[in-house]
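> The lines below spell out each chain.
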Amino acid sequence: MSEVPVTKDATPVADALVALSGVNKHFGALHVLQDINLNIARGEVVVVIGPSGSGKSTLCRTINRLETIDSGTITIDGKPLPQEGKELARLRADVGMVFQSFNLFAHKTVLENVMLGQLKVRKIDKKTAEEKARTLLDRVGVGKQADKYPAQMSGGQQQRVAIARALAMDPKAILFDEPTSALDPEMINEVLDVMQQLARDGMTMVVVTHEMGFARSAANRVVFMADGRIVEEAEPEEFFNNPRSDRAKDFLSKILHH
Amino acid sequence: MNLLFDYFPEFRDGFLGTLSLTAASAALALILGIIMAGFRVSPIPPLRAFGTAWVTLLRNTPLTLLFLITFFVMPQILFPGTSPYKLAVGALGCYTSTFICEAVRSGIGTVPIGQAEAARSLGMTFFQTLRMIILPQATRTVIPPLSSIFIALTKNSAIAGAFSVTELFSVSKLLSDKGYPIGWIFLWIAVAYLVITFSISGLFRLLERRMEVSR
Ligand SMILES: Nc1ncnc2c1ncn2[C@@H]1O[C@H](COP(=O)(O)OP(=O)(O)OP(=O)(O)O)[C@@H](O)[C@H]1O
Ligand SMILES: [Mg+2]
Chain A
1 MSEVPVTKDA
11 TPVADALVAL
21 SGVNKHFGAL
31 HVLQDINLNI
41 ARGEVVVVIG
51 PSGSGKSTLC
61 RTINRLETID
71 SGTITIDGKP
81 LPQEGKELAR
91 LRADVGMVFQ
101 SFNLFAHKTV
111 LENVMLGQLK
121 VRKIDKKTAE
131 EKARTLLDRV
141 GVGKQADKYP
151 AQMSGGQQQR
161 VAIARALAMD
171 PKAILFDEPT
181 SALDPEMINE
191 VLDVMQQLAR
201 DGMTMVVVTH
211 EMGFARSAAN
221 RVVFMADGRI
231 VEEAEPEEFF
241 NNPRSDRAKD
251 FLSKILHH
Chain B
1 MNLLFDYFPE
11 FRDGFLGTLS
21 LTAASAALAL
31 ILGIIMAGFR
41 VSPIPPLRAF
51 GTAWVTLLRN
61 TPLTLLFLIT
71 FFVMPQILFP
81 GTSPYKLAVG
91 ALGCYTSTFI
101 CEAVRSGIGT
111 VPIGQAEAAR
121 SLGMTFFQTL
131 RMIILPQATR
141 TVIPPLSSIF
151 IALTKNSAIA
161 GAFSVTELFS
171 VSKLLSDKGY
181 PIGWIFLWIA
191 VAYLVITFSI
201 SGLFRLLERR
211 MEVSR
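As they're listed, the protein sequences go chains A and B.
So that you can map any letter, position 139 of the first sequence is 139 in the UniProt record's numbering, and since no number is skipped, the others follow by simple counting.
So that you can map any letter, position 212 of the second sequence is 212 in the UniProt record's numbering, and since no number is skipped, the others follow by simple counting.
The set of hints was computed from the structure by calculation and includes no laboratory data.
It cannot be assumed that every hint is accurate.
[Unchecked claim] Restricting the straight-line Cα-Cα distance to at most 25 angstroms, the calculated cross-link-like pairs of lysine to any residue (SDA-like) are:
no., chain 1, residue 1, chain 2, residue 2
1, A, K123, B, T110
2, A, K249, A, H210
3, A, K79, A, A89
4, A, K120, B, F126
5, A, K132, B, I34
6, A, K120, B, I34
7, A, K148, B, Q137
8, A, K86, B, I34
9, A, K108, A, H210
10, A, K148, B, T110
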């Protein structure tokens, strides 16, 4: 898999859960995503790294259409992303998203945060939704804080609640956009541990992160982006020990010396 | 003093007239204003255009002109035989809704964009997101301007007096026509207005305080 040259068109693989082909996007004159081809298999964990401004967040956000694309196609589980509307909403429910700044609903308790999508989108009855929310909160280690408001919790706790909120929808895949970048160092691991566990449980994950430890231990593949292009993809060990492109060598030498 | 007691029923009816005119128009304005704010931030272009046109047209028309149109043009084409009271509520409500719309819209702007993105990424529709996530968080910033808008509405309701709706100002006309000293009439009318506007600011100050206590 790691030998596939990135310039070749990625023909949708049979078991690709997420498939991007020929995706382009501009912000005005800026060509943020340039001819992106990427297939993500069911159960695969893909880590996206690259310098600031290379388009990692944008890539992540196009997958559940928080950003629209100018050309190319994106399919989730074989279905192309629909236009804005009911159908898109349904599809978004199948793709969870965890943000750098947590984005928990500030006016709702932790428990309500995890129940809301189940009640309003999945139309699950209240009792089942609450049971599930409590189970998930226990699983990410914040079961005792269920009645608190987000502002009363630490960043690490909030991010774990955000993961529980995404899991409550039974998503097919979860997108993480720098989930630990806003956290104090001592809280990073509590979030990474939860993500490690998810990866082991077979969740399909796209993770934008600078945490090389996580990439090495949990990722099946590392995708390196620079200037809106996927410059290199490889298995973690190979990528970190033997980066092929100069951009990747340069980037790794900078972050590893920090 | 005598004047107030001699004509107490008239003053009372005028006071109640202004009160009910204000309350009904405020309710209409609140509902329309929130809907229009929703339109103006919606992803659907025709709705956005409608919201913008509504605000631009109504807010920039002098209220007296709006009353003239409502009383003399509208009944000809749309609602013949509507009572002056209902027409006045319609004119005042629609006019005030534009100010409420803009206050709500700026309140929506103070809610971090990440809140809406999180809701949408859960699969909530635009209107679910607006109603359950954005508006509740915008309320706190919208309360103070709403108070001024409703006070302005109270005073604007005087225009209805000129269109044969019984309210405080029509009482002043009645009594000055009978030759009573204008100073005393105006004093009592001013007091009546102050009672209403002070109640509005008090009510909203209370609401504000309540919002701060809850978290
Ligand atoms: N809404 C937007 N409008 C205009 N330009 C944008 C917008 N969002 C991002 N950009 C620009 O697009 C480029 C790619 O942004 P993106 O956020 O995807 O980068 P990134 O790789 O996630 O960077 P970082 O590591 O800093 O998060 C940047 O130059 C950024 O300034
Ligand atoms: Mg980013």
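> Run every hint past the structure and note whether it holds.
Each hint, compared with the structure:
| no. | hint | in the structure |
| --- | --- | --- |
| 1 | A:K123 with B:T110 | violated (30 angstroms) |
| 2 | A:K249 with A:H210 | holds (15 angstroms) |
| 3 | A:K79 with A:A89 | holds (14 angstroms) |
| 4 | A:K120 with B:F126 | holds (12 angstroms) |
| 5 | A:K132 with B:I34 | violated (34 angstroms) |
| 6 | A:K120 with B:I34 | holds (21 angstroms) |
| 7 | A:K148 with B:Q137 | holds (17 angstroms) |
| 8 | A:K86 with B:I34 | holds (22 angstroms) |
| 9 | A:K108 with A:H210 | violated (31 angstroms) |
| 10 | A:K148 with B:T110 | holds (23 angstroms) |
The structure does not agree with the numbered hints 1, 5 and 9 stated previously, though it agrees with the rest.
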